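So you can see what is in the structure, the chains are spelled out below.
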Amino acid sequence: MTDVLVCVKRVPDPTGEVVLTPDGMRVDGRYAGYTTSAHEEAAIALAVQVAESTGGSVTVLSVGAAESVEQIRAGIAVGATDGILVEADPDLLGPADVAAAVAEALRVREEAGRTYGLVLLGNDAADTGDFQVGVRLAYLLGRPVVAGVQTLEVDGDVATLRGEGPEGTEVYEVALPAVATVLEGGVSPKYPSVVGRMKAKKAEVETLGWTGSPVGAGREALTVPEPPPNEVTVIGEGTAAAPGLVAVLRELKVVHG
Amino acid sequence: MSVVVLVEVEEGRASLVSREALTFARSLGAGDLHAVVVGPAPEAVVADCRDAGVAVVHEAGDPALERYAAAAWAAVVEAAGRAARADLVVAPGTGRGNEVLAHVAARRNLRMAANVVAVESLAPLVVQRQVVGGAALERATVDGRVRLLTMAGHAVEPSAADAPGAARVAPLALTIDPQDLRAQVVRVEKRESGDTSGLTAAKVVVGAGRGAGGPDGFAAVDRLAERLGGAVGVSRVVTSLGWRPHHEQVGQTGSRIAPDLYLACGISGSIQHWAGCASSRTIIAVNTDPDAPMVTKADYAVIGDMHEVLPAVLEELG
Chain A
1 MTDVLVCVKR
11 VPDPTGEVVL
21 TPDGMRVDGR
31 YAGYTTSAHE
41 EAAIALAVQV
51 AESTGGSVTV
61 LSVGAAESVE
71 QIRAGIAVGA
81 TDGILVEADP
91 DLLGPADVAA
101 AVAEALRVRE
111 EAGRTYGLVL
121 LGNDAADTGD
131 FQVGVRLAYL
141 LGRPVVAGVQ
151 TLEVDGDVAT
161 LRGEGPEGTE
171 VYEVALPAVA
181 TVLEGGVSPK
191 YPSVVGRMKA
201 KKAEVETLGW
211 TGSPVGAGRE
221 ALTVPEPPPN
231 EVTVIGEGTA
241 AAPGLVAVLR
251 ELKVVHG
Chain B
258 MSVVVLVEVE
268 EGRASLVSRE
278 ALTFARSLGA
288 GDLHAVVVGP
298 APEAVVADCR
308 DAGVAVVHEA
318 GDPALERYAA
328 AAWAAVVEAA
338 GRAARADLVV
348 APGTGRGNEV
358 LAHVAARRNL
368 RMAANVVAVE
378 SLAPLVVQRQ
388 VVGGAALERA
398 TVDGRVRLLT
408 MAGHAVEPSA
418 ADAPGAARVA
428 PLALTIDPQD
438 LRAQVVRVEK
448 RESGDTSGLT
458 AAKVVVGAGR
468 GAGGPDGFAA
478 VDRLAERLGG
488 AVGVSRVVTS
498 LGWRPHHEQV
508 GQTGSRIAPD
518 LYLACGISGS
528 IQHWAGCASS
538 RTIIAVNTDP
548 DAPMVTKADY
558 AVIGDMHEVL
568 PAVLEELG
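Note that the protein sequences, when read in sequence, are chains A and B.
Per the numbering used here, the first sequence starts with residue 1, numbered consecutively.
Per the numbering used here, the second sequence starts with residue 258, numbered consecutively.
Excised from the complex, chain A in its bound form (with noise of 0.2 Å):
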């Protein structure tokens, strides 16, 4: 039995257009709205399929603000079993900060009798994009921790994990308990059923504070970049243009023979 901790963040939805708030110093989703990052939704169905096929459960944890909750419950409804929200302000943490968080949370879990075998978190987040959390949580747990992963099973103590490496599918076989952070592309995210959400809407969600001194992130500011003027060539319009198209790929000497 392997009781799985997903860790996920509350993002401003990344497929919309990027808007600042007036301070340049966030990302402002209230117009696009919040979700999970693609990584931590695969990561919270691979904890599922783990504590399916070993008979454990799943908890999902988030640390930033209250209406985290929303994240945490989008994974309660897609088959974990219950959440910790870790309240905090997002905006004074540094990746450092975020994983001391996690680390506490656990200790609090483990006092009160819950350990987890495996903990999970995305690769790197959709908004601030880091790579750290993951890997200095696992310091502080003293955990082995395995990056990019894209599936994984869990035998007894043993999880084999696969990821995407420079030459092929690289295989990893880690002693429990361990760290590992997630890519998207290896398991399709799951969707709420009915009663799904009914359940998520019930959950337990456990509250929990942190009472460390954050080292933040070292922000100044945000920018978007303003797209470089462009004119578009059109060569033409359906199989007309082919010759056109054909004379630029000449030009631009990919044509080999």
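The hints are simulated quantities; they were obtained by calculation from the structure and are not laboratory data.
Derived BS3-like pairs: lysine-lysine, alpha-carbon spacing no greater than 30 Å straight-line: (1) LYS460(B) x LYS554(B); (2) LYS253(A) x LYS460(B); (3) LYS253(A) x LYS554(B); (4) LYS190(A) x LYS201(A); (5) LYS190(A) x LYS202(A); (6) LYS190(A) x LYS447(B); (7) LYS447(B) x LYS460(B).
Listed next, with one range per pair, are the computed distances between beta-carbon atoms: (8) GLU67(A) x ASP479(B): 42 to 52 Å; (9) THR545(B) x ARG107(A): 54 to 64 Å; (10) SER416(B) x THR233(A): 27 to 37 Å; (11) GLY455(B) x GLY142(A): 36 to 46 Å; (12) ARG324(B) x GLY142(A): 17 to 27 Å; (13) ASP479(B) x GLY236(A): 19 to 29 Å; (14) SER188(A) x GLU268(B): 29 to 39 Å; (15) GLN436(B) x PRO228(A): 45 to 55 Å; (16) GLY216(A) x ALA375(B): 14 to 24 Å.
The structure displayed is predicted, hence computed values, not measured ones.
Where a beta carbon is used, it is the ideal one built from N, C-alpha and C, also for glycine.
Once you've looked at the hints, dock chain B against the given chain A.
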């Protein structure tokens, strides 16, 4: 002052993104330029480092490093940092580069800035880095006794130094701690076809999106990529629908490409896709919608159905 750059080896050479990182590190004028290679440094890699102006190439030959383990690679980077008395360490913004530097950051309790595109000042170190998948830039201060940066792929063009460096090869004396091998690759399953590294470094990429219509809609795309000696890249919707494997995905959560030509067929050009292909030298869009962002941002466009246009192009090419 000195800078250490992690150099990844690809087909016996310093990888493209590593050569970009070397060029970037040199341009900072932050002191001696050092490179670190995990494993014995092949001669061609030493030559690449020499061209880039590297003074010392640190190599680590411990047999335990034959299979990838991020923590062990981090131990090598740390050892090189000590040997070079580095106050700045730069890695390519690849999966490996970001992972290894995150380990160094965690082990040494240092700050790390990922996907940096520019340095505004060295003291204090202020950088511009990509966030929201490249749709926004963050200006950030990176403090600490040693500063760690990964370079966003294709933020600079690799170039040779005015004067080549000595590129003296210096073996690092270190023994890998078994603790650092707890998460190590046990085997690599080779892909049957397609290759992410090939896509990242390809000179020509033929891309396809929803306009392909289904898993059977890629025949002309595959043929054209083969005819042009290029790679196939696809949009996120294509991999989400299971039409093509994820390692072909171009974009925020896929590969970042910088080919001489990107021929984007039936791709609308979302912000996420653009984040992965904006560094292409020339973009040609084939799309039925003249107002699609991929068309308006392209250099050239053909307005039409890719299923009609591509076969006609293949015929024209002969």
